[in-house]
Amino acid sequence: MRFTYIIGVIGALALTSCLKDNPAQLFSKMSSADTGIKFKNLVMETDDLNILTYGYIYNGGGVAVGDINNDGLMDLYFTGSMVGSRLYVNKGNFEFEEIAEKAGVFAEGLWNTGTSMADVNGDGLVDIYVCRSAAKDASKRKNLLFINNGDLTFTEKATEYGLDDMGYSTEANFFDYDRDGDLDVFVLNHSVQPYSSFRNTSKEQRSKYIPEYADRLYRNDNGKFTDISSEAGIISSVLGFGLSVSIGDINNDDWPDMYISNDFHEHDFLYLNNGDGTFTESLKKYMGHTSYFSMGSDVADINGDGKLDIVTLDMLPEGNFRQKMVSGPDNYDKYEFLVESDFHHQYMRNMLHINNGNSFSEVGQLSGIHATDWSWAPLLTDFDNDGLTDLFVTNGLKRDYTNMDFMNFAVQKRLEEMDSGVDMAIKDLLQEIPSSIEENYAYKNLGHLQFEKETTAWGLGGKSLSSGAAYVDLDNDGDYDLVVNNMDEEAFIYRNNTEKVTQNNHLKVQLKGKGKNTLAIGSKVILKADTLNLQHELYTSRGFQSSVDPSIIFGLGTIDTIAELKVIWPDGSITQKNNLAVNQTLHLDQTEATVQENTVEEIATLFTEITQDSLVAFNHKENKYIDFEREVLLPHMLSTQGPKLAVQDVNGDGLEDIYIGGAKDQAGALFIQTPNGSYLSKNEAVFEGDSKFEDIGAVFFDANGDSLPDLYVVSGGNEYDTLPGNYTDRLYINLGNGRFENQSTLLPKLSFSGSCAVVGDVDGDGDQDLFIGGRLEPGRYPLAPKSQILLNDGKGNFSDGTDAILGENSNLGMINDAVFTDFNADGSLDLIAVGEFTPVIFLANKNGKLVPETPEGLQNSDGWWNSITPIDIDNDGDMDYALGNFGQNSQLKASDTEPVTLYADDFDDNGSLDPILCCYLGGKNHPVYSKDDIGSQLAYLKSKYVNFADYASQTVSEVLGEDNLARAQKFEAHTFKTSILRNNGNGFSFEPLPIEAQFAPIYAIVPFDVEGDGDTDLMLFGNFFETRVKFGRYDANHGLVLTNDGNGHFTTVEQSKTGMNITGQVRDAKLLNGSTLLVAQNNGPLLLYKNNSTN
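Under the UniProt record's numbering, the very last position in the sequence shown is 1095; numbers go up by exactly one each time.
Warning: the hint list may mix true and false statements.
[Claimed, not checked] Derived DSS-like pairs: lysine-lysine, alpha-carbon spacing no greater than 27 Å straight-line:
(1) 624 with 334
(2) 444 with 508
(3) 528 with 508
(4) 40 with 463
(5) 682 with 1070
(6) 224 with 512
(7) 1030 with 977
(8) 977 with 1057
(9) 136 with 157
(10) 977 with 1070
(11) 970 with 944
(12) 203 with 621
(13) 38 with 102
(14) 453 with 977
Keep in mind the hints are simulated off the structure, nothing from the lab.
Kindly generate the complete structure, drawing on both the sequences and the hints.
And the structure:
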């Protein structure tokens, strides 16, 4: 969350649509007159208690679920901020009786936050734990533990049990972290306002410890809880603003791990349980980035692979207007400062982290769940019982102090106060802060990591200020109902109508633990039925400040028989049932479980990393250059495009050798392979002389007809101006025995920022010519230089044949890759080129000239293409092509009808080119930039749009004007999907590769029969980090293997089975000696992998 020096928020009633009971919808909102649940969390600011004195005043309350009287019906407990909490006993048929005061759990007059129900003392009765915050008096912040007396009354015993934590507490999660048979607890606390500001954020502050702000892990020692946080490895500092703690076995080692969502600048924590009473914080090792202002979180197996995935929430709005109202400058400098200060990469949006086993791939933008506005509680479960895990999100803030117009107002008022010496009344300032009252979100899981918003269709529409929420089967009909704690409005009770509106089956499982862990917290329940492989781990504290139903409901869709149900109890014992009927409640008791030996299955991998064994000592070191300082509206940097690889036996010993390009001010390197498999660096002095250039492309070929492989290296990048000599390609002639000499004088005098060098006899004279792709005009994005044809005279002397061969077609755009190939089967060598904002460009060889041709099926092929690889995917004898594209895991969405567009012109007549990137949102084409960012490029817009609200709804036509757009150069991208271009003989068709191929930009595709079955499979590599902060890093590719069924249909190999876990940004990959994989990373080491196939 937030703008830390804003002064508060005052009350306003949340407006909510009143929905009628509609049993045709998945959910029906129940009337409080019928349920008896009238709890309303009222909050009013005062001069003493407001957002200035307590920044979390509008975080709202929680809801806890549990059967307090063991009658088989789940009861509800709501916490209030400035009102007493309420306990509702379930009488059946959605009727409840409120008993908080007579039960002794009212807790009036104190600031209650999160709550959970758990059998803390192991007596078979559910107790209630309440977290508290806000009060300056520490004694009023003591958390409460209400012990169940078994007669619908409770006794507060937090001090007696050692759980009267006096920190600023958000929530608590009870779990058996040491697996000794009783429940321990993690209490999540938060820091206070001064430490949320950017000026107080530094690496040094992490060592500053104040007890009231510290997270705590309490171990249960025979009913007395002991704070073991320090010895267990729990991080606590003044920068911690914990808003959620989720528990689950993240790394599948049978020990419960923890994920902590941290607000403000401190990154989230991933605590992996070492099994010896300690945890290791491992977030950076496993995750490439996280939410910035992390709020609620949940863990569940979303894709059915047996591994727990993680969802975190943030506050990026869905619509263009709201996005623009909360977006200031992109501020790359601030982002870079935080990263260099050891804070992780963080971005303001929801995240969906898919668990690969040894890493995570964050795909929230691909899945479509990344933007739900100011969100609090995510709940992952199967709401419609179709066998897929859905997502529910609560939303809303009573006063949105991130509103940019309000921020400007507050700054202006502060300046006026300094001039006049008269302070503005707090209540007057608060009245200027707008509300963010939005609807909650419900996403249906469509499978394959795709979600669809179904809020209204499911009966969950209507705007509200919702915070804590829980799912619970209130009527025992086998589906999860929803309970939502609201601010300034009665709580929502939603009845789930799945049994009426679908034909989906289910299985409900209720567990009885042994010993002190009576609810069997920490159990894993695994279900197999037909194509379904489902898993649920029993931890009840989920989402935000709330706990859910301890019963487990598996949705089965139309499946009518369960092949296997396995319970792995917390002590490792197992209960297994086979051939179960559906639509029943299964009661299982841990005392009836059997003890089985815990075996760890060895995973056979396709590759093994041998980087250190090979002794290839090359680490690409990108020079520090921030492209955004010169071109403020770039969508991404252009100076980090290398390195590329070239592989060839350069010394005739039968072993393939390696050239890898260097960055600016770093020489490329040639490694000669030795018979023992190691590599020796050669020709250092030759390449060192050209270290000023950035090597973007490289290729070995016989330039002078002596049967020795020579080397051509493309110079590129964006750092230099376009002066002669700044971007000079080089030709290194092989003198024999792998010795090279720079003979670039054999080349025509050309100087431009290029991308690739492709070898082919384009003029049919028997020697090797070159196509050089033109990538960019430095400082003038999106303009590109002409691509070039260099004609070889057979002796290694090259001339510029561009006009003769390409003619007026030489300006192909921002080319990234190309291939000489006979795509039309006429016996002549044609060319296919791809690039950023280009279509797949087909140039047919017609009598020695390359002429544009658009084969059938290639309409709207414009993309952000990075690579092209020839491959016969279906063994039909003609050449197909694998195309690496930008991918779909971005806020930028491209389609035939709603392309990503870019307009380029000197709109303000100041002599510089203005590139305005736009994308569709809500059916309209808007600039992607904030008012501040576009105003920094086009100064005249500052007077046109004084307020953010004036700009926030504007389309690109309204911002720039139709006449200006008509004069501008227009670039479009209609597809971002990495795809196969299948050759059908009479035309081509695009076939997107599996969803995992869309996780990140793909820069290298390597064909290889990884299974040894005769079919050519694919290995895909990519990622790109240097983007606008708004977009964030694209880092979800860890080395992808796709197996081919022989007909060109591909299946994803599970990440952990590939043997690869690449975390850098790959720019090229090649096979060496037919079996060793080389992977070149930007600003990282060259990686080598050995193929483990026996074939």
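Right, here's what the structure says about each hint:
1. This hinted pair checks out: residue 624 and residue 334 have alpha carbons roughly 16 Å apart, not beyond 27 Å.
2. Taking the CA atoms of residue 444 and residue 508, the gap is near 21 Å; set against the 27 Å cutoff, the hint holds.
3. For the hint linking residue 528 to residue 508, the alpha-carbon distance of about 14 Å falls within 27 Å, and the restraint holds.
4. The straight-line distance between the Cα atoms of residue 40 and residue 463 is roughly 16 Å, inside the 27 Å bound, and the hint therefore holds.
5. A hinted pair counts as satisfied when its Cα atoms are at most 27 Å apart, and residue 682 with residue 1070 qualifies at roughly 20 Å.
6. For the proposed pair residue 224 and residue 512, the alpha carbon gap of about 23 Å is at most 27 Å, so the pair holds.
7. Restraint check for residue 1030 and residue 977: the C-alpha separation of about 21 Å stays at or below 27 Å, so the hint holds.
8. Between residue 977 and residue 1057, the direct Cα distance comes to roughly 24 Å. Compliance with the 27 Å bound is thereby established for this hinted pair.
9. The straight-line distance between the Cα atoms of residue 136 and residue 157 is roughly 22 Å, inside the 27 Å bound, and the hint therefore holds.
10. A threshold of 27 Å between alpha carbons decides the hint, and for residue 977 with residue 1070 the separation of about 22 Å falls inside it, so the pair holds.
11. About 24 Å separates the Cα atoms of residue 970 and residue 944, which keeps this hinted pair within 27 Å; it holds.
12. With a CA separation close to 25 Å, the supplied pair residue 203 and residue 621 stays within the 27 Å bound.
13. Between the alpha carbons of residue 38 and residue 102 the distance comes to roughly 17 Å, so the proposed pair stays at or under 27 Å and holds.
14. With a C-alpha separation of about 22 Å, the suggested pairing of residue 453 with residue 977 holds against the 27 Å cut-off.
Violated hints: none; the structure is consistent with every hint.
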